[in-house]
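Read off the chains here:
2 protein chains.
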Amino acid sequence: MSRKPTLAVVGATGAVGSVMLDVISRRADVWGEIRLIASPRSAGRKLRVRGEEVTVQAISEEVFEGVDVAHFDLPDEVSAHWVPIAAAKGVIVVDKSGYFRMDPDVPLVVAEANPEAVRNRPKGIIANANCTTLALIPSLAALNRSFGLVSMSVASYQAASGAGQAGFDSLYDQLGAVAGKRDLGTVSGDVREAIGEGGDDTFGAPLALNVVPKVGGWRPDGWTSEELKVRNESRKILDLPDLKVASTCVRVPVATGHSQAVHATFSSPVSADAARKVLAEAPGVTVVDDPDNNVYPMPIDATGRDDTLVGRIRTSIDFDNSLEFFVVGDNLLKGAALNSAQTAELLLPELS
Amino acid sequence: MSRKPTLAVVGATGAVGSVMLDVISRRADVWGEIRLIASPRSAGRKLRVRGEEVTVQAISEEVFEGVDVAHFDLPDEVSAHWVPIAAAKGVIVVDKSGYFRMDPDVPLVVAEANPEAVRNRPKGIIANANCTTLALIPSLAALNRSFGLVSMSVASYQAASGAGQAGFDSLYDQLGAVAGKRDLGTVSGDVREAIGEGGDDTFGAPLALNVVPKVGGWRPDGWTSEELKVRNESRKILDLPDLKVASTCVRVPVATGHSQAVHATFSSPVSADAARKVLAEAPGVTVVDDPDNNVYPMPIDATGRDDTLVGRIRTSIDFDNSLEFFVVGDNLLKGAALNSAQTAELLLPELS
Numbered sequence: 033m034s035r036k037p038t039l040a041v042v043g044a045t046g047a048v049g050s051v052m053l054d055v056i057s058r059r060a061d062v063w064g065e066i067r068l069i070a071s072p073r074s075a076g077r078k079l080r081v082r083g084e085e086v087t088v089q090a091i092s093e094e095v096f097e098g099v100d101v102a103h104f105d106l107p108d109e110v111s112a113h114w115v116p117i118a119a120a121k122g123v124i125v126v127d128k129s130g131y132f133r134m135d136p137d138v139p140l141v142v143a144e145a146n147p148e149a150v151r152n153r154p155k156g157i158i159a160n161a162n163c164t165t166l167a168l169i170p171s172l173a174a175l176n177r178s179f180g181l182v183s184m185s186v187a188s189y190q191a192a193s194g195a196g197q198a199g200f201d202s203l204y205d206q207l208g209a210v211a212g213k214r215d216l217g218t219v220s221g222d223v224r225e226a227i228g229e230g231g232d233d234t235f236g237a238p239l240a241l242n243v244v245p246k247v248g249g250w251r252p253d254g255w256t257s258e259e260l261k262v263r264n265e266s267r268k269i270l271d272l273p274d275l276k277v278a279s280t281c282v283r284v285p286v287a288t289g290h291s292q293a294v295h296a297t298f299s300s301p302v303s304a305d306a307a308r309k310v311l312a313e314a315p316g317v318t319v320v321d322d323p324d325n326n327v328y329p330m331p332i333d334a335t336g337r338d339d340t341l342v343g344r345i346r347t348s349i350d351f352d353n354s355l356e357f358f359v360v361g362d363n364l365l366k367g368a369a370l371n372s373a374q375t376a377e378l379l380l381p382e383l384s
Numbered sequence: 033m034s035r036k037p038t039l040a041v042v043g044a045t046g047a048v049g050s051v052m053l054d055v056i057s058r059r060a061d062v063w064g065e066i067r068l069i070a071s072p073r074s075a076g077r078k079l080r081v082r083g084e085e086v087t088v089q090a091i092s093e094e095v096f097e098g099v100d101v102a103h104f105d106l107p108d109e110v111s112a113h114w115v116p117i118a119a120a121k122g123v124i125v126v127d128k129s130g131y132f133r134m135d136p137d138v139p140l141v142v143a144e145a146n147p148e149a150v151r152n153r154p155k156g157i158i159a160n161a162n163c164t165t166l167a168l169i170p171s172l173a174a175l176n177r178s179f180g181l182v183s184m185s186v187a188s189y190q191a192a193s194g195a196g197q198a199g200f201d202s203l204y205d206q207l208g209a210v211a212g213k214r215d216l217g218t219v220s221g222d223v224r225e226a227i228g229e230g231g232d233d234t235f236g237a238p239l240a241l242n243v244v245p246k247v248g249g250w251r252p253d254g255w256t257s258e259e260l261k262v263r264n265e266s267r268k269i270l271d272l273p274d275l276k277v278a279s280t281c282v283r284v285p286v287a288t289g290h291s292q293a294v295h296a297t298f299s300s301p302v303s304a305d306a307a308r309k310v311l312a313e314a315p316g317v318t319v320v321d322d323p324d325n326n327v328y329p330m331p332i333d334a335t336g337r338d339d340t341l342v343g344r345i346r347t348s349i350d351f352d353n354s355l356e357f358f359v360v361g362d363n364l365l366k367g368a369a370l371n372s373a374q375t376a377e378l379l380l381p382e383l384s
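Chains as they are written, first to last, in this note's numbering: chain A, 33 to 384; chain B, 33 to 384.
What the hints contain is simulated information worked out from the structure, not anything from laboratory work.
Keep in mind that the hints are not guaranteed to be accurate.
Same chains, same label: a pair holds when it works inside one copy or across any pair of copies.
[What the hints assert, rightly or not] In the DSSO-like style, the derived pairs of lysine-lysine whose C-alpha atoms are separated by at most 30 Å in a straight line are:
(1) Lys78 to Lys213
(2) Lys121 to Lys309
(3) Lys309 to Lys276
Excised from the complex, chain A in its bound form (with noise of 0.2 Å):
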């Protein structure tokens, strides 16, 4: 019997870190070791995968030692720093963070869309896609396959916790000043009140009762860092270097679960039946569109679930082989752990 490739997690402790040792915990049971790694400040403190309690250890090149794949879950500017590090020791690296996206000789992998560009790693590092892309990608890349995507314009409603356990944390405490208060949200000023100072910290303004057009930091011309990622990651993931891509992400006092409503253009004919079709054969994805019985993706139903949500499908009225759809992805688990999870599995039929 062959040995079972040793799994690192760096960042164990931390909010998408605890998501990734239950999906590990709760999938085929593939790999041997599962090493938890963490910043000093972390080292010691017990965590539980596979039922059993690890004791995480501080991270340091010599902790790399003898591990065939890490997650790194870690801010990008530290992720810089030791994701070389943990690669120049021979580890495969499958890195949450933003830095080595866009690189051209790292591959960003979405097992529905491009498994075997896991293959062509020269640097050892193979980068996992933004949360929101991820929520995207599982309709789009069966869509492409079918139809050919030309173009696409997409808005999204993205959930606290995209901002980490910080940003759910927040909301929840924003919900807390506003509830009962039912004075509110009839006049101007109110509802910064009610949150008070340091309201705007966490989002950049106050969430609760409230939408904010604007995730991630400022790029020129009046860009966020989301919305090009949610460009530029599409593209690379479909490998359509010419996608054009209108993105517009904005906040929504939501819990769990990134949403988008899409807009999209084909280079060959589409109709709301045929891409229904498609999708229901889709690889992580599950249709919920019957507008007879109400049924729609919505957050609360995305929520603990691996499948991305595609529903509200309809042919567009004036846009030649064009679809109007809306997706909805759990931001924690196909947005981050279950899809670096996913990516780490394609490595097996070479490790074994």
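Knowing the structure of chain A, use the given hints to seat chain B on it.
This is chain B only, laid out in the frame that chain A set:
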């Protein structure tokens, strides 16, 4: 001195009716008698307008005697019955319902877009557009005049109060049910359980910690009435019968203020800077667009404001002659009462 015309407010006791009385009270004092009209069950109630108490009268044919202009804010089928009765008595009706909007003999008027249309009203009826359409029109009208609007893809973020007082109350009930429950939003189904039975009644699904991609009733081919209104009413108001529109309408847990992410294509070259200049001069529009200072349009800042807010203005990266932007309007003001008041005031020259 010429007689000031008599105004009636029909549906004076409703949620929009109450905003209507506020709007009339704070605008120029151009009306003579103001008659308040509602269902027989509300007759006898006293409401304040222009600082005075006025007794609500029951709707009847006789109550329209001597009225020059009447605002109607009633459900579609009630408007369908009473509007022609009032119009037959020579009253010019400004109707907020959806019933007459697409009638070719009824102008659909937005002061910033087609004020001259009030003069051509063969049925004596003028329609007020849907609240979502109205948040878009001031910006679109100005951009269309300068650059020639050809197509647009819009995704909405609509407030609970768009579903009336019941919508507003339901959102607050739901926020009360989820606030403080930090386990919600991490596992599917819990939000439904916390909100309990009846949580789907107002919006078709729970709204707290959720977004609901269905506003209005179902129409053929998977469209909602709201999405078709955005398309059809924009075409009519802007007098662009060939305008291409893709629309997805979504309810979000916001009390007041309908937001929209817009991707728009024009017949002439356009840039964010050129658009910003045009919008800065546009009536009914305030440009709120300063990324360096984290300034962008949001519902909490649009609530209680007459102007629609526009920001996040960007030159499209991949589409010729195209822009992205984000607009927000108070759905009870420009989206309803204010637009109706402005339309009625357009009639003053011919009434004095």
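Exercise for the section: Using 30 Å as the alpha carbon limit, work out where Lys121 and Lys309 are close: within a copy, between copies, both or neither. Expected result: Cα proximity of Lys121 and Lys309: none, with 46 Å in one copy and 56 Å across.
Practice task
Can you give me the call for Lys78 and Lys213, within, between, both or neither, at a CA distance of at most 30 Å?
Solution key: Between copies only: 26 Å across, 42 Å inside.
Exercise for the section: State whether the alpha carbon distance between Lys309 and Lys276 is at most 30 Å within one copy, between copies, both, or neither. Expected result: both (25 Å within a copy, 26 Å between copies)
Consistency with the previously given hints fails for number 2 only.
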